[in-house]
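Colleague: Chain order of the listed sequences is A and B. According to this note's numbering, the first sequence is numbered sequentially starting from 393. According to this note's numbering, the second sequence is numbered sequentially starting from 393.
Since the hints were made in silico from the structure, they are not lab data. Keep in mind that the hints are not guaranteed to be accurate.
Note that the list lumps identical chains together, so a pair holds whenever it fits in one copy or between two copies.
[Claimed, not checked] SDA-like cross-link-like pairs, simulated, lysine to any residue; straight-line CA separation at most 20 Å: (1) Lys554 to Ala665; (2) Lys554 to Leu648; (3) Lys604 to Ile568; (4) Lys604 to Gly684; (5) Lys432 to Thr449; (6) Lys554 to Val653; (7) Lys397 to Glu532; (8) Lys604 to Ser395; (9) Lys432 to His523.
2 protein chains.
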Amino acid sequence: MMSVKFRKLALIGIGLIGSSIALAARRQGLAEMIAISTRKSETLEEARALNLGDIYTLDAAEAVRGADLVILCAPVGAYEAIAKAIAPALEPGAILSDVGSVKAHVVKVVGPHVPAGVSFIPGHPIAGTEHSGPSAGFAELFAGRWCILTPQPDVPQAQTEKLAAFWEGMGSDVEIMEAGHHDMVLAITSHIPHLIAYNIVGTADDLETVTKSEVIKFSAGGFRDFTRIAASDPVMWRDVFLTNREAVLEMLGRFLEDLSVLQRAVDSGDGPALESIFTRTRAIRRSIISAGQETAAPDFGRPHEAPPAPAAPLFVREHGGGDDA
Amino acid sequence: MMSVKFRKLALIGIGLIGSSIALAARRQGLAEMIAISTRKSETLEEARALNLGDIYTLDAAEAVRGADLVILCAPVGAYEAIAKAIAPALEPGAILSDVGSVKAHVVKVVGPHVPAGVSFIPGHPIAGTEHSGPSAGFAELFAGRWCILTPQPDVPQAQTEKLAAFWEGMGSDVEIMEAGHHDMVLAITSHIPHLIAYNIVGTADDLETVTKSEVIKFSAGGFRDFTRIAASDPVMWRDVFLTNREAVLEMLGRFLEDLSVLQRAVDSGDGPALESIFTRTRAIRRSIISAGQETAAPDFGRPHEAPPAPAAPLFVREHGGGDDA
């Protein structure tokens, strides 16, 4: 594994992903200096209080000046304005990357603003939690997870290798992919799961025949699993669906076709069809666990309460002697 | 909390739920003797090797003879045959219950076989993992989870209280509910989540544009969450959808209506609508966590790998002195 150290890393945006990069890059010695820029001054002060970087500024152009690695970590909807603002300050030889969940759109809105001599390599670490903001980050977030890089055609191979080494230094595996293909792969592995999770949580919230209190009490039947990704950052996810429309609609169409087959099987009471569909899906989870992308522990390893202490044997209660205090 | 001890507990079926009851009931001192009956002799031998009970038999009628608490823990599709087989051996004064995921169907197929003097109180613990079989059980499974009881009209109140005390003794909270209402509540909190999880895992498995290896590698984007419940027991879930058809189809209809609204918002690029839908769903997760039905830890508390050790400082490499062995 190639070892790498950037002179100045500029993070534009400092939510869950930006703050995790700051913590991991510092701990792993991947950057001499970290500059952090955000749009909101409260967020910047939060990052400063958490001691995430070395330089804090509301001026993105100032943050990128002299940086050899710039990573956009803001919601994708803000990228075009950021690209315009930082373009004049980007240094020749610098790598410009990002962590957005869509890639073709990023190429389209950022690409035209990238000055000659700057290597534009959009990226996407497939890692996260449902928490957001600078305090949600942690240095282990990327360890064992994949990071997809989509280097643009004119980027020197050595620059892509340098950025790959940066992600590998934080513990990630790196895959190179074409931006459009990325968007198709993530539509099914991430965007559609989020869409249907948001949707079922909304459906449950709106029912008249089942109260909200019942949904909450009995959520351990499966529903609560969906509420995790449906608790993800709303602005980030709005931007994903605004910017990966075609791939999302295509995959949603496939999902709905399959669902209507399942709906007919339920409606007609077709036991063999249901059992056969439900049997084949187990294998995928086993593969995901084998690939190190999921825990093998039952129930995601959720903690379990201990049951109550067994009732005291009768003679103890009869003879007393216990101390209730 | 009332304390209870049954003379003889008979468990008909010994998968994840049956074995967890056996372990919890013994540890909590809720039964003097535990009789276990299964249809397959391999499963019975597995239960014996795990030391889950005191009596092991392939004859369900023998297991229930002399029992004051009988709990059906087999797939719901097997209930009618079991009810016929055990009916002549059920003792007057005994409680007959179950753990099935549907309740109106259980009342319909088991009810007619219950002899006079036996208290029929169908039940459903809202607890489980994606693992199945006798070795998957553990005594903590029901602690902090709800158990729904649907006592039939002629059951003495004292019998329902005794069964409630049994579940409370294993750490559960108990809710009394009408069977039909149970089926509606569970359709949205459990059955539809399973149906759409099975469905999306199937969709991802069938794509031509995205390889299975890509789905597996990049599953941490959200997809892997769905694979957990889609790895649940196929026969059990086949039976759920065969026996709660109407409630499932009604809730699926609501889900699909909401999904078409979301689909239109994506199609028309309606950012404010998307953001508003994605914002309201966060509150439900917070309520579920407050109610003690979910962990507050990010990512369900999944374990995280440590990143690689930082590269050794340059002078160490230059001067040597390290020991690679």
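Colleague: Next step is simple, just say for each hint if it's right about the structure.
Modeller: Status of each hint after checking the structure:
Taking identical chains as interchangeable, the C-alpha atoms of Lys554 and Ala665 are never at most 20 Å apart, the minima being 50 Å within one chain and 41 Å between chains. Taking the closest pair of Cα atoms, Lys554 and Leu648 never come within 20 Å of each other, the shortest separation being 42 Å inside a single copy and 46 Å across copies. Taking CA atoms no more than 20 Å apart as the test, Lys604 paired with Ile568 passes between copies only; the shortest distance there is 17 Å, against 45 Å inside one copy. Within a single copy, Lys604 and Gly684 get their C-alpha atoms only as close as 36 Å, which misses the 20 Å cut-off; across copies the closest is 15 Å, which meets it.
In the homo-oligomer, the alpha carbons of Lys432 and Thr449 lie at most 20 Å apart inside one protomer (10 Å), although the nearest pairing across protomers, at 69 Å, exceeds that limit. For a Cα distance limit of 20 Å, the shortest separation of Lys554 from Val653 qualifies neither inside one copy, at 48 Å, nor across copies, at 44 Å. Taking CA atoms no more than 20 Å apart as the test, Lys397 paired with Glu532 passes inside one copy only; the shortest distance there is 19 Å, against 48 Å between copies. In this assembly of identical chains, the alpha carbons of Lys604 and Ser395 never lie at most 20 Å apart, being 53 Å within a copy and 31 Å across copies at closest.
In the homo-oligomer, the alpha carbons of Lys432 and His523 lie at most 20 Å apart inside one protomer (18 Å), although the nearest pairing across protomers, at 46 Å, exceeds that limit.
Of the hints listed earlier, those the structure fails to meet are numbers 1, 2, 6 and 8, in rising order.
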